[in-house]
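In order, the protein sequences belong to chains A and B.
Numbering follows this note's numbering, with no gaps: position 40 of the first sequence is 40.
Numbering follows this note's numbering, with no gaps: position 15 of the second sequence is 15.
Source of the hints: derived by calculation from the structure; they are not laboratory data.
Backbone N, C-alpha and C fix where the C-beta goes; we use that ideal spot for every residue, glycine too.
Treat the hints loosely; a few may be bogus.
[As the list claims (entries may be wrong)] Straight-line distance between alpha carbons at most 25 Å, and here's what the computed BS3-like set of lysine-lysine pairs gives: (1) Lys42(A) - Lys41(B); (2) Lys70(A) - Lys56(A); (3) Lys42(A) - Lys20(B); (4) Lys70(A) - Lys2(A); (5) Lys14(B) - Lys66(B); (6) Lys20(B) - Lys55(B); (7) Lys64(B) - Lys20(B); (8) Lys41(B) - Lys2(A); (9) Lys55(B) - Lys41(B).
[To be verified] Computed spacing ranges between beta-carbons, pair by pair: (10) Gly53(B) - Ala29(A): 27 to 37 Å; (11) Met45(B) - Glu57(A): 25 to 35 Å; (12) Ser52(A) - Ser15(B): 43 to 53 Å; (13) Ala29(A) - Asp27(B): 24 to 34 Å; (14) Asp66(A) - Gly16(B): 28 to 38 Å; (15) Arg60(A) - Gly16(B): 48 to 58 Å; (16) Gln29(B) - Ser73(A): 28 to 38 Å; (17) Trp10(B) - Asp58(A): 26 to 36 Å; (18) Arg77(A) - Met45(B): 29 to 39 Å.
[As the list claims (entries may be wrong)] Among chain B residues calculated to face chain A with C-beta under 10 Å, some are: (19) Cys13; (20) Phe34; (21) Ser43.
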Amino acid sequence: QKEVEQDPGPLSVPEGAIVSLNCTYSNSAFQYFMWYRQYSRKGPELLMYTYSSGNKEDGRFTAQVDKSSKYISLFIRDSQPSDSATYLCAMSGDQTGANNLFFGTGTRLTVIP
Amino acid sequence: GAVVSQHPSWVICKSGTSVKIECRSLDFQATTMFWYRQFPKQSLMLMATSNEGSKATYEQGVEKDKFLINHASLTLSTLTVTSAHPEDSSFYICSARSLLAAYNEQFFGPGTRLTVL
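Throw the hints in and build the complete structure from the sequences for me.
Here it is, written out as structure tokens:
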């Protein structure tokens with residue numbers, strides 16, 4: 001079983017739709033949860049970061065973490081064509097230690113104008 | 001802030017040659033740099049972790065003699081693919097973690113696309 005599972009998609013939605021992206025994980029030691037956005041042929045860029053359980057909102061993006069279910073989500077409201085990219089979830093178990101990030105496979109999202 | 005650059009952005013080489021990829025943190029000092037490989041439509045696969053002034057730690061299955069990593073300073077790490085073969089063709093991405101990072105955030109470079117003929 002992989003440490004982090006993520007549906008690779010692809011996911012196509014019309015402009016303005018609400019998008020829900022999800023990851024599940026198996027390691028209960030994970031405390032830090034991140035969402036990265038990666039445009040084609042580019043490196044990933046950090047979108048959202050959350051610690052432990054709860055919600056975090058930043059503009060049109062909301063990240064949710066449910067540690068009891070080992071499930072994290074990223075919601076995108078009023079989706080735009082510029083949101084078309086691959087979204088990777090990532091998580092780690094230690095704040096400043098040497099623990100690495102564990103990535104999901106990424107979900108490819110296309111927002112259709 | 002927190003910009004990471006990679007050079008070159010793409011490279012084509014003949015089988016058997018060696019290729020060096022540079023990763024630089026432009027506006028911060030990086031305690032640790034990471035090298036990833038990404039195949040088409042797949043996620044990032046961590047190859048190795050390097051700390052300035054010490055030997056890199058390689059992930060299982062990654063040949064350390066083939067993928068040479070040097071972390072000469074707090075702002076520069078290099079990955080050399082030695083005796084490259086077509087199966088080494090991939091997208092190589094580095095990331096860097098800041099000395100001042102409050103959590104385990106990694107800042108990624110734009111990637112280097114390697115094609116071995």
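Now the hints, each set against the structure:
Proposed proximity of Lys42(A) and Lys41(B) is supported: the alpha carbons are some 13 Å apart, at most 25 Å. At most 25 Å may separate the alpha-carbon atoms for a hinted pair to count; Lys70(A) and Lys56(A) meet this at roughly 17 Å. Note on Lys42(A) and Lys20(B): the hinted pairing holds, with a Cα-Cα distance of about 19 Å set against a maximum of 25 Å. Among the hinted pairs, Lys70(A) with Lys2(A) is consistent with the structure: their alpha-carbon atoms are about 13 Å apart, no more than 25 Å.
About 16 Å separates the Cα atoms of Lys14(B) and Lys66(B), which keeps this hinted pair within 25 Å; it holds. A hinted pair counts as satisfied when its Cα atoms are at most 25 Å apart, and Lys20(B) with Lys55(B) qualifies at roughly 17 Å. A hinted pair counts as satisfied when its Cα atoms are at most 25 Å apart, and Lys64(B) with Lys20(B) qualifies at roughly 14 Å. Simply put, Lys41(B) and Lys2(A) have alpha-carbon atoms about 17 Å apart, close enough for the 25 Å limit, and the pair holds.
Proposed proximity of Lys55(B) and Lys41(B) is contradicted: the alpha carbons are some 31 Å apart, above 25 Å. In this structure the supplied range 27 to 37 Å holds for Gly53(B) paired with Ala29(A), their Cβ-Cβ distance being about 29 Å. In this structure, Met45(B) and Glu57(A) meet the distance hint of 25 to 35 Å, their C-beta atoms being roughly 31 Å apart. Restraint check, Ser52(A) to Ser15(B): a C-beta distance of roughly 49 Å satisfies the suggested window 43 to 53 Å.
A hinted range of 24 to 34 Å for the beta carbons of Ala29(A) and Asp27(B) is consistent with their spacing of about 32 Å. At roughly 51 Å, the beta-carbon separation of Asp66(A) and Gly16(B) lies outside the given 28 to 38 Å, and the hint is violated. Take Arg60(A) and Gly16(B): their Cβ atoms lie about 49 Å apart, and the range 48 to 58 Å holds. Distance hint check: the CB atoms of Gln29(B) and Ser73(A) are about 34 Å apart, consistent with the given range 28 to 38 Å.
Separated by about 33 Å at the C-beta atoms, Trp10(B) and Asp58(A) satisfy the suggested range of 26 to 36 Å. The beta-carbon spacing between Arg77(A) and Met45(B), approximately 32 Å, falls within the hinted interval of 29 to 39 Å. The beta carbon of Cys13(B) comes no nearer than 19 Å to any beta carbon in chain A, farther than 10 Å, and the hint placing it at the interface is violated. Here the hint on Phe34(B) is kept, as its CB sits about 7 Å from the closest CB of chain A, short of 10 Å.
Contact between Ser43(B) and chain A, as hinted, is supported at the beta carbon level, the nearest pair being about 4 Å apart and thus within 10 Å.
When the structure is compared with the earlier hints, violations turn up for hints 9, 14 and 19 and for no others.
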